[in-house]
Amino acid sequence: MAKDPRSLQEYRSKRQFSTTPEPHGVEKHSETAGGIFCVQQHLASHLHFDFRLEHRGVLLSWAVPKGPSLNPRDKRLAMMTEDHPLDYGDFEGVIPEGYGSGVVMLWDRGRWLPLDDDVDAAIEKGQIKFELQGVKLKGQWVLVRSAGAARRFSPNQQDRAWLLIKHRDGWAGDVDVLTAAPLSVLSGKDLAGILLEHMPAQWSAPGNEQKGRIGKQLQLLIDQARGAGNK
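So that you can map any letter, position 50 of the sequence shown is 201 in the numbering used here, and since no number is skipped, the others follow by simple counting.
Heads up, some of the hints might be wrong.
Said to hold, decoys possible - Lysine to any residue pairs mimicking SDA-like chemistry, simulated, CA-CA at most 20 Å apart:
hint	residue 1	residue 2
1	Lys217	Ala332
2	Lys217	Thr330
3	Lys340	Asp241
What the hints assert, rightly or not - Using C-beta positions, here's what the derived DEER-type ranges look like:
hint	residue 1	residue 2	range
4	Ala298	Ala352	44 to 52 Å
5	Arg262	Asp374	32 to 40 Å
6	Val326	Ser158	36 to 44 Å
7	Gly366	Thr330	17 to 25 Å
8	Thr170	Gly324	37 to 45 Å
Hints were generated in silico from the structure; no laboratory data involved. The structure presented is a predicted model; accordingly, all values stated were derived computationally and were not measured. Beta carbons: idealized from backbone N, C-alpha and C, even for Gly.
Using the sequences plus the hints, can you model the full thing?
See below:
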């Protein structure tokens, strides 16, 4: 029996689509294993990376505070978040207000292939093995639900704590890929360039951004973009 697609209800409930450029999206049924993957750098209240894998019509999503690492010794915390629509795999721009307000860069994208026969069972078990065929990220990886990392969080968040780890293969190494390849695979821009291109009208004048809801790093980027835009 075909399985129902996963739901985008939580994704939609957190967003006002009259004010955000993010896609509303539709659930799409798919029985094909694997599909697209993407990694988005997101500067909001803090800087993090969002790691997404297509599965059953949506993008399974994890927030990775330190971003992916090519070094198998690095076990990067990955907090599972709400499923996102497949359209989000092409999203880059500025979220002017509300949930996730900030700048989003499409840092990497490509295809992923599961190394498990049953992805749903792997998710339930808490260990997803896969291969990435991206522009920047390649080779074999694993996402593992982590009891150790979970202890740092409240009980209702503990099942969301995973670790993203690179397997030892020809694509592993000590190179800091975040520093070596910092630009968008879509536009070739950095976060400042993306903000300058997509500066929201309500951020164009000082004091109009959401004070108290953005971090110092984003505030600095906004101030720099205003200065560049006025030259």
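Hints and how they fare:
no.: 1; hint: Lys217 <-> Ala332; verdict: 15 Å, holds
no.: 2; hint: Lys217 <-> Thr330; verdict: 12 Å, holds
no.: 3; hint: Lys340 <-> Asp241; verdict: 15 Å, holds
no.: 4; hint: Ala298 <-> Ala352: 44 to 52 Å; verdict: 47 Å, holds
no.: 5; hint: Arg262 <-> Asp374: 32 to 40 Å; verdict: 39 Å, holds
no.: 6; hint: Val326 <-> Ser158: 36 to 44 Å; verdict: 38 Å, holds
no.: 7; hint: Gly366 <-> Thr330: 17 to 25 Å; verdict: 20 Å, holds
no.: 8; hint: Thr170 <-> Gly324: 37 to 45 Å; verdict: 42 Å, holds
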